[in-house]
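The UniProt record's numbering applies: residue 1 is where the sequence shown begins, and numbers increase by one.
Simulated from the structure, these hints should not be mistaken for lab results.
Wrong hints could be hidden among the right ones.
Said to hold, decoys possible - In silico SDA-like cross-links for lysine to any residue, where the CA-CA straight-line distance does not exceed 25 Å:
no., residue 1, residue 2
1, K152, P58
2, K117, M151
3, K273, R341
4, K152, S110
5, K141, G170
6, K66, D125
7, K273, I176
8, K117, L177
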Amino acid sequence: MTNVLHAHQSHLLFPLHPPISAVYSKTQAFHFPQSMAPVNLRTNLSVRRRSVKCMANPRRVKMVAKQIMRELSDMLLTDTVLQHAVLPEAALGADRYLSSLTTISDVEVSNDLQIVKVYVSVFGDDRGKDVAIAGLKSKAKYVRSELGKRMKLRLTPEVRFIEDESMERGSRVIAILDKIKAEKGSEGGSETSDSPEDDQDWGEDDPDDDIIYIQIASFDMSTFSGDETAPFFGFLGAAAALVFSCMGAAYGTAKSGVGVASMGVMRPELVMKSIVPVVMAGVLGIYGLIIAVIISTGINPKAKSYYLFDGYAHLSSGLACGLAGLSAGMAIGIVGDAGVRANAQQPKLFVGMILILIFAEALALYGLIVGIILSSRAGQSRAE
1 MTNVLHAHQS HLLFPLHPPI SAVYSKTQAF HFPQSMAPVN LRTNLSVRRR SVKCMANPRR
61 VKMVAKQIMR ELSDMLLTDT VLQHAVLPEA ALGADRYLSS LTTISDVEVS NDLQIVKVYV
121 SVFGDDRGKD VAIAGLKSKA KYVRSELGKR MKLRLTPEVR FIEDESMERG SRVIAILDKI
181 KAEKGSEGGS ETSDSPEDDQ DWGEDDPDDD IIYIQIASFD MSTFSGDETA PFFGFLGAAA
241 ALVFSCMGAA YGTAKSGVGV ASMGVMRPEL VMKSIVPVVM AGVLGIYGLI IAVIISTGIN
301 PKAKSYYLFD GYAHLSSGLA CGLAGLSAGM AIGIVGDAGV RANAQQPKLF VGMILILIFA
361 EALALYGLIV GIILSSRAGQ SRAE
């Protein structure tokens, strides 16, 4: 029994089949299947890192370029290291503001935010340009470190300074164009100066050549009375009376009608009793209609006795009636909506609601009375 147990334990500790090293020697090659081919993780990761590039948002690239241009421009004016690199004479006591002759015309940032191309324009002689560009290129690492401190980016891009000759070329082109214009002007002056006597003869023939004649049309304001525009104001008053009164009637009807409809669901027997605000709101439109008819009948296109005073009187009459009706309609609508809902719960509030509606209706009556009086004033001016 003990032998069997020892044999079983030895089988667990030492398997029956031999290891791979025992079967295959070091000189023999072990062939894996295609699906089990060995993979070198380090080489694959390096290939992936080299092939994949992180491209930034174009908007972020533009913002970074603007910020770099602003910081570099400030460094050219304030940083003594860059000033001495651009103008070595500044270290010997020369004017340090001469470094402003070196300006940054443009900044280009790559899409992966790795490289920054700084285009520099240097104003001066050839020696000064070479010295300035060489000094900036020698301080590229210093500029990169300073940008990293100022901008606080995760990865500060590599700075490359490039000489920008576009402004110098533009100044040369402008100088050439100015020279050509001057030559053409001198040639034209020589041609016109060939016959000075003829020029004098032409000048003597017309002595009034320098005189400018201006004809001014006179307009007499005393002949303009404004009566031609009087019918416009009259018809405008008629329209205002009807439009504003109907607006007040529509608002009062709609506002109080909503209250009647919501109350009629629970208390349908009170619908006819609660329809009083709707009727009173509808009367407001009649007031505007009355004033509009009175004004329109007072305007006669064939008669020449309709003056500007009459037009203003009709306009004020229409506005008085229309705006008064609008305010009354708003009051009737709000009071009617709340009063109808409250009357369904407490019938004793009906009398109070009616009194409030009567006083709200009186506002429109005031406008109607004043409108009739003002429209009658227009007739009195014609009678005189």
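So, going through the hints one by one against the coordinates:
1. K152 / P58: Status holds; Cα separation ~19 Å.
2. K117 / M151: holds, 17 Å
3. K273 / R341: Holds, because 12 Å separates the two Cα atoms, which is no more than 25 Å.
4. K152 / S110: holds, 18 Å
5. K141 / G170: Violated: K141 and G170 sit about 32 Å apart, past 25 Å.
6. K66 / D125: Given pair K66, D125 is violated - Cα atoms ~29 Å apart, limit 25 Å.
7. K273 / I176: Violated - the C-alpha atoms of I176 and K273 are around 97 Å apart, more than 25 Å.
8. K117 / L177: Judged against 25 Å, a Cα distance of about 32 Å means the pair is violated.
Figure legend: structure checked against the earlier numbered hints; hints not met, in rising order: 5, 6, 7 and 8.
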